[in-house]
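Protein sequences appear in the order of chains R and W. For the first sequence, this note's numbering assigns the number 1 to the initial residue and increments by one for each residue that follows. For the second sequence, this note's numbering assigns the number 1 to the initial residue and increments by one for each residue that follows.
Honestly, I wouldn't trust all of these hints.
[As the list claims (entries may be wrong)] Computed beta-carbon distance windows for the label pairs:
1. R/Gly311 / W/Glu73: 25 to 33 Å
2. W/Ser113 / R/Lys298: 15 to 23 Å
3. R/Glu33 / W/Asp84: 37 to 45 Å
4. R/Gln64 / W/Gly85: 57 to 65 Å
[Said to hold, decoys possible] A short, non-exhaustive set of chain W residues, derived as facing chain R with CB atoms under 10 Å:
5. Leu9
6. Lys12
7. Thr40
8. Gln56
9. Ser60
10. Val65
Think of the hints as simulated: they come from the structure by calculation, not from any bench. Ideal placement from N, C-alpha and C gives every residue a C-beta, glycine not left out.
Residues per chain are reported as follows:
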Amino acid sequence: MSSEPANLKKVLFVDDNLQFLEMIERLMGKWSEGEWQIFLAQNSGKALLILQEHSIDLAVVDVQMPVVDGIQFLALLNRKYPGVQKVTLSAYADDASRSACLSQGAELFLEKPRDPADLEIIFSTLRELARHKPTSTGFRGVLRQVSLEDVIQMECLNRNSSILEVNGGNWQGRIFIKEGSILHAEAGSRNGESALNNILSLRGGEFNLKPFVEPPRQSIDGPWEFLLMEAARVRDERGGVEVEEPPAPEAQPAAPSLPVPAPPVRASDLVPPPVNYLPPSSTNRPVRIDEMLVCTAKGEVVYDWQCSNLGDRISFLEFLSQKSLQLGEGLNLGAFDRLEMEGERQRVVAQIKSDRGVFFRATRSSVRRNSETGTPVL
Amino acid sequence: MKEEIHNWLTEKMRVTGMLGCGIRCPDRRTFIRSASAQFTPVALEHACRCLSDTFQVINSNRFPVQLVRWIYENYFVYGFIREDGLCLAVLTRRHEGSIQSTDLETIVAEFHSLAV
Numbered sequence: 001m002s003s004e005p006a007n008l009k010k011v012l013f014v015d016d017n018l019q020f021l022e023m024i025e026r027l028m029g030k031w032s033e034g035e036w037q038i039f040l041a042q043n044s045g046k047a048l049l050i051l052q053e054h055s056i057d058l059a060v061v062d063v064q065m066p067v068v069d070g071i072q073f074l075a076l077l078n079r080k081y082p083g084v085q086k087v088t089l090s091a092y093a094d095d096a097s098r099s100a101c102l103s104q105g106a107e108l109f110l111e112k113p114r115d116p117a118d119l120e121i122i123f124s125t126l127r128e129l130a131r132h133k134p135t136s137t138g139f140r141g142v143l144r145q146v147s148l149e150d151v152i153q154m155e156c157l158n159r160n161s162s163i164l165e166v167n168g169g170n171w172q173g174r175i176f177i178k179e180g181s182i183l184h185a186e187a188g189s190r191n192g193e194s195a196l197n198n199i200l201s202l203r204g205g206e207f208n209l210k211p212f213v214e215p216p217r218q219s220i221d222g223p224w225e226f227l228l229m230e231a232a233r234v235r236d237e238r239g240g241v242e243v244e245e246p247p248a249p250e251a252q253p254a255a256p257s258l259p260v261p262a263p264p265v266r267a268s269d270l271v272p273p274p275v276n277y278l279p280p281s282s283t284n285r286p287v288r289i290d291e292m293l294v295c296t297a298k299g300e301v302v303y304d305w306q307c308s309n310l311g312d313r314i315s316f317l318e319f320l321s322q323k324s325l326q327l328g329e330g331l332n333l334g335a336f337d338r339l340e341m342e343g344e345r346q347r348v349v350a351q352i353k354s355d356r357g358v359f360f361r362a363t364r365s366s367v368r369r370n371s372e373t374g375t376p377v378l
Numbered sequence: 001m002k003e004e005i006h007n008w009l010t011e012k013m014r015v016t017g018m019l020g021c022g023i024r025c026p027d028r029r030t031f032i033r034s035a036s037a038q039f040t041p042v043a044l045e046h047a048c049r050c051l052s053d054t055f056q057v058i059n060s061n062r063f064p065v066q067l068v069r070w071i072y073e074n075y076f077v078y079g080f081i082r083e084d085g086l087c088l089a090v091l092t093r094r095h096e097g098s099i100q101s102t103d104l105e106t107i108v109a110e111f112h113s114l115a116v
């Protein structure tokens, strides 16, 4: 039985230029003094085979490759092998490909050396990166689903109007939300708070947000915060015993089951009031939420509201997860919470937790400017 | 240019709550000042590079933003970018001892008018 040295790093180079690969193997193999096991692939197909068979630590990918280029391959790597550190090498280092590579999870974007002597600098950089592989899995950590309460909270906080339709397998429930207030709930033969509590006691099922239409009547009155708290209290009093679900009028195919809802994520946790950042004046607060996305640590969408490009938003959260670790490296800043981004009229917040990523973009009504420079102020 | 940036960063280190700051130029030259051995120039330079990467990705996502705030458990890292691509990073505490917002606004205004 063979055993590998504990510090052995498996490094994969993907490049369609065979001569370049051979030079890499010869020189970097020598410089690494046995610290690296080098794998070579001339295309993404061969690279994927190597990735399946070996636990690769670092993949160095050429950006300009035929058929599947480096950026496409990076995206694939990011999805399939999120734990592999990724670096791109490019002979033509333009801003567009640089940001595309960074967005797709590349830790570094390096220019291909024109002089072989510069290869040693590349090697030193790669060796440092391979040695300091982050231990945290960041955004792609533990899976947990967002609960129904979370979705209701978000709808109410955003003052949305919608119908939350819940499928509990053999029955269906609906919660009507109008401009951030819960107006009506129905589940089987039940209506009102009783139906709402029943829906929120569900231990599995699936839900969908549908466009709002007026309910047959208003059966619920009161602040949504109170209603959710009351539902939680009722659920607690039942001691986690699943409620008797109303019988369905007719048999329906079973919906794919979701895990037990997680404890509610308070929206105030997601986007707490900024400290010393935005002025207290309400004129500069977001007035319109343009899009919002909540996804699991594996990048699965659990809540999407008007997201124009889900793939880009998930990639952005993945980039942020990786970059937040890198930025804090060596500074001991503590756990990363979120990134707030401010523009003249836009506010974008992206939050990364071990189990979820949240993205939201809002538009403000007015901007406060520095009277001297005219630049937006905090 | 180098001296102007150095002088300005040195002056900004006197701002209450400033733990470290740095400027990264579009040509990747980076200038760093740190108030504590905890925040080494190498780590701050690395942070500036991450900040610059972030603005690049933000730009490619077409988010029209000019300033960012990284929020960690104990610290804030503010980032600002000018139209010419010059990036400023400011490190301060998250809770007590943070840079006052008025001081931060002054820093931003000066950064935007910094002649380099």
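Quick rundown of the hints versus the structure:
Roughly 30 Å separates the CB atoms of R/Gly311 and W/Glu73, a value that falls within the hinted 25 to 33 Å. In this structure, W/Ser113 and R/Lys298 break the distance hint of 15 to 23 Å, their C-beta atoms being roughly 46 Å apart. One distance hint, 37 to 45 Å for the beta-carbon pair R/Glu33 and W/Asp84, holds here, with the actual separation near 44 Å. Between R/Gln64 and W/Gly85 the beta carbons are some 25 Å apart, a value that contradicts the proposed interval 57 to 65 Å.
Using the Cβ-Cβ criterion of 10 Å, the hint placing W/Leu9 at the interface with chain R is not satisfied: the shortest such distance is roughly 17 Å. With 10 Å as the threshold, the beta carbon of W/Lys12 stays out of range of chain R, its nearest partner Cβ sitting at about 16 Å, so the hint is violated. For W/Thr40, the shortest C-beta to C-beta distance to chain R is roughly 6 Å, which falls under 10 Å, so the interface hint holds. Because the closest C-beta pair between W/Gln56 and chain R is about 4 Å apart, less than 10 Å, the hint holds.
About 4 Å separates the beta-carbon of W/Ser60 from the nearest beta-carbon of chain R, less than 10 Å, and the hint is met. Nearest Cβ of chain R to the Cβ of W/Val65: about 4 Å, under the 10 Å cut. The hint holds.
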